[in-house]
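These protein sequence lines are chains A and B, in that order. One point on numbering: in numbering that gives the first Met the number 0, the residue at position 70 of the first sequence is 69, and numbering is uninterrupted. One point on numbering: in numbering that gives the first Met the number 0, the residue at position 89 of the second sequence is 88, and numbering is uninterrupted.
FYI, nobody ran anything at the bench for these hints, they're computed from the structure. Note that CB positions come from ideal geometry on N, CA and C, so glycine has one too. Be aware that a few hints might be false.
Part of the chain B face toward chain A, derived, beta carbon under 10 Å [said to hold, decoys possible]:
| id | residue |
| --- | --- |
| 1 | GLU6 |
| 2 | VAL60 |
| 3 | LEU102 |
| 4 | ARG103 |
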Amino acid sequence: MTVQPGDQQQAGGAERDRVLAAMADPTRRQLLDMLAADGPATASTLAAGLPISRQAIVKHLAILAGAGLVTSSKHGRDVRFVVETERLAQTAHWMAGLAAEWDARLAMIKQIAEAQR
Amino acid sequence: MSQDWIEREIIIEASRERVWSVLTDAHHIARWFGDSAEIDLRPGGHASFGWKDDGTYLAVVERVDEPNVLSYRWARGVDEKPAEGTSTLVEFTLTEVPLGTLLRVVETGFASLHGTEAAQERAANENTEGWTQELAELKEYAERQAA
Chain A
0 MTVQPGDQQQ
10 AGGAERDRVL
20 AAMADPTRRQ
30 LLDMLAADGP
40 ATASTLAAGL
50 PISRQAIVKH
60 LAILAGAGLV
70 TSSKHGRDVR
80 FVVETERLAQ
90 TAHWMAGLAA
100 EWDARLAMIK
110 QIAEAQR
Chain B
0 MSQDWIEREI
10 IIEASRERVW
20 SVLTDAHHIA
30 RWFGDSAEID
40 LRPGGHASFG
50 WKDDGTYLAV
60 VERVDEPNVL
70 SYRWARGVDE
80 KPAEGTSTLV
90 EFTLTEVPLG
100 TLLRVVETGF
110 ASLHGTEAAQ
120 ERAANENTEG
130 WTQELAELKE
140 YAERQAA
């Protein structure tokens, strides 16, 4: 048993919750994809490639930033957004741990069920 | 339920009835899920799963369709009451296959937490596709980003 359910509540849990919630939206996933593929971009540049308003994109970027999935920096009058991979990798790692935990439980169920046929 | 988070399955060489009893009998549960277990096997029934070095997690049974489907809502924190936004939903599905029983577990609800801007936005926006990102996809994404 490597992952206890309590791990969900331990340090990092709140950050992870924000990552999961941020990633739950298809537009935000698309924004991350665009930033990853094309490099740093402004909200206006991103808006040019999507059928939604710049304002809506700014809102989505704020949620992504709140989850630590993007960061922004000022370049003259422009605010450029960049993908941050660490949070995402941590969350994926955590989910992989939970999945492995289920694998272990299912294997145990199999063992018990087959032993008592 | 193909739209949510963790989904795992295993083929068990035993009847569905057999697998069902391992899934639902507190005695058996305590062997594969924590160290102690109690379960009132009916919709709305309470369940608890205890880990010696961690604590007790409470759950509420949602669906009991013997020997096909069992689901319960499982609190994320020790001694917490399971509620939407503070719990995940675990659903087991048992299917007869030539070798015996295909047991699938799907755990959902990781993304629908209270208090986050995104969750509120989702609740307000009924046509949301929900959480379609599966683990493999997320993992692949993370790896692609890290590359």
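We went through each hint and held it up to the structure:
1. Hint on GLU6 of chain B holds. Least Cβ distance to chain A is approximately 8 Å, under the 10 Å limit.
2. With a cut of 10 Å, the hint placing VAL60 of chain B at the interface with chain A is violated, because the nearest CB-to-CB distance is about 17 Å.
3. Checking LEU102 of chain B against chain A: minimum C-beta separation of about 6 Å stays under 10 Å; hint holds.
4. Residue-level restraint check for ARG103 of chain B holds (minimum Cβ-Cβ distance to chain A is 9 Å; threshold 10 Å).
Of the hints listed earlier, the one the structure fails to meet is number 2.
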